[in-house]
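A.B. asks: From first to last, the protein sequence lines are chains A and B.
Residue numbers for the first sequence follow the numbering used here, so the first one is 296 and each next one is one higher.
Residue numbers for the second sequence follow the numbering used here, so the first one is 224 and each next one is one higher.
Bear in mind the hints are in silico, worked out from the structure with no lab data behind them.
Quick caveat, the model's predicted, so the values are computed rather than measured.
There could be a bad hint or two in this list.
[Stated by the list, open to error] Straight-line distance between alpha carbons at most 20 Å, and here's what the computed SDA-like set of lysine to any residue pairs gives:
hint : chain 1 : residue 1 : chain 2 : residue 2
1    : A       : K319      : A       : E433
2    : B       : K443      : A       : G386
3    : B       : K303      : B       : L436
4    : B       : K443      : A       : H378
5    : B       : K443      : A       : K319
6    : A       : K319      : A       : T355
7    : A       : K319      : A       : S431
8    : B       : K401      : B       : T377
9    : B       : K363      : A       : L453
10   : B       : K363      : A       : S431
11   : B       : K443      : B       : P362
12   : B       : K443      : B       : I280
13   : B       : K443      : A       : L409
14   : B       : K363      : B       : Y440
15   : B       : K443      : A       : E377
16   : B       : K303      : A       : D384
17   : B       : K401      : B       : A368
18   : B       : K443      : A       : A456
19   : B       : K401      : B       : L426
20   : B       : K443      : A       : E389
These are the residues of each chain, in order.
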Amino acid sequence: MIHATTSGPEQTRELAAAIAQLVKSGDVVLLAGELGAGKTCFTQGFGRALGIEETITSPTFTLMRPYEGRLRLLHADVYRLEHLQEIVDLGIGELVDDDAVAVIEWGDMAEPVLPADFLEVRITYDDDPNSDEAVSDEVRMFDLRIVGASWGNRTVALQRALVPWVTGP
Amino acid sequence: MIVLGIESATAQVGCALGGVEGVFASFHASRGRRHAETLVPAIEFVCRSARIEFREISVVAVDIGPGLFTGLRVGIATAKAMASALRVPVIGMSSLDLLAHQVRHSPRLIVPVIDARRGEVFSATYRHVQGGIQRLSDPKVGTAAELANDLRATNSESLLIGDGAIRYASELAEEGAKVEIGSVGMQWPSAGDLVELAHPRALREEFIQPSELQPLYLRKADAEINWEQRSA
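For reference, chain A alone in the conformation it holds in the complex (with noise of 0.2 Å):
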């Protein structure tokens, strides 16, 4: 598990895009977090990195939507669905395998039926308005869990690329 902490949307970004430098063809990425909690800005700041112009936004109702860049990138969103069948149908494990990754958003619903091998991105903030006035409620709190052979050999080479957001073991 590795934890950081952003102060902001672009800082989220920029930490999003530390990420997209180490994926390769036929990654997982799951995104966790409550609605606010900047799933699609991560998955922005995923996509410019990997050299995507286009703009990229929610794909709830289109449920997945692919971007040209140095790999394809499908980016998600399984909130609409019910049934796991559903994502097993987005096929969303073959269409990796063809030079690109894949960003699900609330993709922690869909573990039960994607392949054991991907990064789980989970996003939180303080919402709760009494809280101390010092914590901005721009900041945002990231626990990456890794699943998997492929994401563990990158371990060390994430902690790197995080350490300006690092915040905790």
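Assemble the complex: chain A is given as a structure, and chain B must be docked to it using the hints.
C.D. replies: Same frame as chain A, now just chain B:
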């Protein structure tokens, strides 16, 4: 009786038209992965080439997999739409049966192997019988290494055919294994074979209504997404 065959379960997309005399016209493209954009113009092309009007088609046959989701969706949706519009029934056929059909005269254990991506393959075993082939095992999905183990356990001379067999040839046909890999020319299911196999079934009225057509899924997920657990 004229049969339209639609085959899009793999990286290849294809279609064919045929009847009692055999295949009239066929089209296949295995590069580009643009099944949705290719299929319907290709159907128009084979109909025009064979001088067949849509209304002369009596049955639509389609490969229902196992295969790649992206391709299967296009093939099955197109088959359903065309059959509904033409008010004709449909026949679904397994991609593995179609591949095995190409080498049906081999005395060896016949093993169609389709690339399921991410290190996995779809496969089943068949053997030659009088007048055709017989399936010996249920279609399954697993890694190439698992299939190699299964084949070693059968201790039979086997002939592996399909894009999965070619992609994982080194794992499947390792030293000492009694395995031969089929040539690249036979790596995809053929829409022509689909028409040829569907025609006698159509004559026997072994067809279903378009609404009943289902893809053959080996990666099943029967549960609802547990959204409640998430908010807890």
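A.B. asks: If you draw a straight line from the CA of K319/A to the CA of S431/A, is it 20 Å or shorter?
C.D. replies: Between K319/A and S431/A the Cα gap is close to 34 Å, so the pair fails against 20 Å, i.e. violated.
A.B. asks: Taking 20 Å as the top limit, are the C-alpha atoms of K443/B and I280/B close enough?
C.D. replies: Status violated; Cα separation ~34 Å.
A.B. asks: Holds or violated: K401/B with A368/B, Cα cutoff 20 Å?
C.D. replies: With Cα atoms ~15 Å apart, K401/B and A368/B stay inside 20 Å; holds.
A.B. asks: Does the structure keep K303/B and D384/A at a Cα separation of 20 Å or less?
C.D. replies: Measuring from Cα to Cα gives roughly 18 Å; hence the hint holds.
A.B. asks: Decide if the proposed pair is consistent with the structure: K319/A and T355/A, CA atoms, cutoff 20 Å inclusive.
C.D. replies: violated, 25 Å
A.B. asks: Need the status of pair K443/B, K319/A: alpha-carbon distance at most 20 Å?
C.D. replies: violated, 28 Å
A.B. asks: Can you confirm whether the C-alpha distance between K303/B and L436/B stays at or below 20 Å?
C.D. replies: Holds, at about 7 Å.
A.B. asks: Holds or violated: K443/B and L409/A, Cα atoms, limit 20 Å.
C.D. replies: Holds, because 12 Å separates the two Cα atoms, which is no more than 20 Å.
A.B. asks: Does the alpha-carbon distance linking K401/B and T377/B stay inside the 20 Å limit?
C.D. replies: holds, 10 Å
A.B. asks: Take the C-alpha atoms of K401/B and L426/B, compute the straight-line distance between them, and say whether it is at most 20 Å.
C.D. replies: At roughly 40 Å apart (the allowed maximum being 20 Å), L426/B and K401/B break the hint.
A.B. asks: Measure nothing beyond the straight line between the CA atoms of K443/B and E377/A; if it is 20 Å or shorter, mark the hint as holding.
C.D. replies: With Cα atoms ~15 Å apart, K443/B and E377/A stay inside 20 Å; holds.
A.B. asks: Does P362/B sit within 20 Å of K443/B, going by the straight-line distance between their CA atoms?
C.D. replies: Measuring from Cα to Cα gives roughly 13 Å; hence the hint holds.
Going down the numbered hints, you'll see the structure goes against 1, 5, 6, 7, 9, 10, 12, 18, 19, while the others check out.
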